[in-house]
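Q: Sequence:
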Amino acid sequence: MMESLGKLAFEQLQKGNLIFYESDLTECGIDIRAASVYSGVFTQIFREERGLYQDKVFCFIHLSVQEFLAALHVHLTFINSGTNLMEEQKKSWLSELFKSTPVQFYQSAVNAALQSPNGHLDLFLRFLLGLSLQTNQSLLRGLQTQTGSSSQTNQETVQFIKKKINEDLSAEKSINMFHCLNELNDGSLVEKIQQVLRSGHLSTDKLSPAQ
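Under full-length UniProt numbering, the letters of the sequence shown match residues 1 to 211, in that order.
These are calculated hints, taken from the structure and not from any lab test. A quick note: this is a predicted structure, and the numbers were derived from the prediction, not measured. Ideal placement from N, C-alpha and C gives every residue a C-beta, glycine not left out. Take these hints with a grain of salt, some might be off.
[Said to hold, decoys possible] Taking lysine to aspartate or glutamate pairs in the EDC-like style, the calculated list, with each CA pair at most 16 angstroms apart, reads:
1. 173 x 156
2. 162 x 183
3. 7 x 31
4. 99 x 122
5. 173 x 122
6. 7 x 24
7. 163 x 191
8. 56 x 87
9. 99 x 87
10. 15 x 55
11. 7 x 22
12. 7 x 55
13. 15 x 31
14. 164 x 122
15. 192 x 167
[Said to hold, decoys possible] Have a look at the derived ranges for each label pair, beta carbon to beta carbon:
16. 185 x 31: 37 to 43 angstroms
17. 1 x 199: 25 to 31 angstroms
18. 160 x 26: 20 to 26 angstroms
19. 188 x 1: 25 to 31 angstroms
20. 31 x 166: 17 to 23 angstroms
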């Protein structure tokens, strides 16, 4: 059930959909009638409503639940099978021949989030990077059939994100990259923020109190 919900969450997040129809659930292997067996879990993370013309529509109880399940699905798919879902749309015979390395996997996720025009993958990326930490992967042992990423992979991902921060990013994208460094427990986060502020790439005048 969790695997199917994760697949649904990711596919619909990519499309920017927060509301789904029964056909969307069926495509991901979710049978609404059978789901009643899991009613405790199902109703805690999923909600059924009546849409226009009284059609049944479904949504996760909060967008962050959809984003986390999407990240978990992408993480487990890569760890267990080596398939990089972030590269699936650009798949070629070459990518079939050469599987993504863990570093390339996380870099492709960072690039996808940065290329999003509306930031719809920002929180998804933070969840995904958080799942890469060995302390969190130990909690997923029952779901992972292979060993997850190493601390070396995390360090290379940190360096890649710092390189992106030095590029000409919008304030919102820079802030999300800093959140990503925080997810990876980067010890130089405060120093990096001060460095970027001094460079003029990010002005505190443009930031909201929440940021």
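Q: For every hint, state whether the structure bears it out.
A: Against the structure, the hints come out as follows:
1. 173 x 156: 20 angstroms, violated
2. 162 x 183: 13 angstroms, holds
3. 7 x 31: 14 angstroms, holds
4. 99 x 122: 25 angstroms, violated
5. 173 x 122: Roughly 8 angstroms separates the two Cα atoms, so the pair holds.
6. 7 x 24: 10 angstroms, holds
7. 163 x 191: With a Cα-Cα distance of about 14 angstroms, the restraint between residue 163 and residue 191 holds, given a limit of 16 angstroms.
8. 56 x 87: Not satisfied, since the Cα-Cα distance of roughly 32 angstroms exceeds 16 angstroms.
9. 99 x 87: 10 angstroms, holds
10. 15 x 55: 20 angstroms, violated
11. 7 x 22: 14 angstroms, holds
12. 7 x 55: Status violated; Cα separation ~23 angstroms.
13. 15 x 31: The hint is violated at about 22 angstroms.
14. 164 x 122: 14 angstroms, holds
15. 192 x 167: 13 angstroms, holds
16. 185 x 31: 37 to 43 angstroms: Since residue 185 and residue 31 have Cβ atoms about 40 angstroms apart, the given range 37 to 43 angstroms holds.
17. 1 x 199: 25 to 31 angstroms: With a Cβ separation near 48 angstroms, residue 1 and residue 199 fall outside 25 to 31 angstroms, so the hint is violated.
18. 160 x 26: 20 to 26 angstroms: At roughly 38 angstroms between Cβ atoms, residue 26 and residue 160 fall outside 20 to 26 angstroms, so the hint is violated.
19. 188 x 1: 25 to 31 angstroms: 41 angstroms, violated
20. 31 x 166: 17 to 23 angstroms: 49 angstroms, violated
In this structure, the earlier hints numbered 1, 4, 8, 10, 12, 13, 17, 18, 19, 20 are contradicted, and the remaining ones agree with it.
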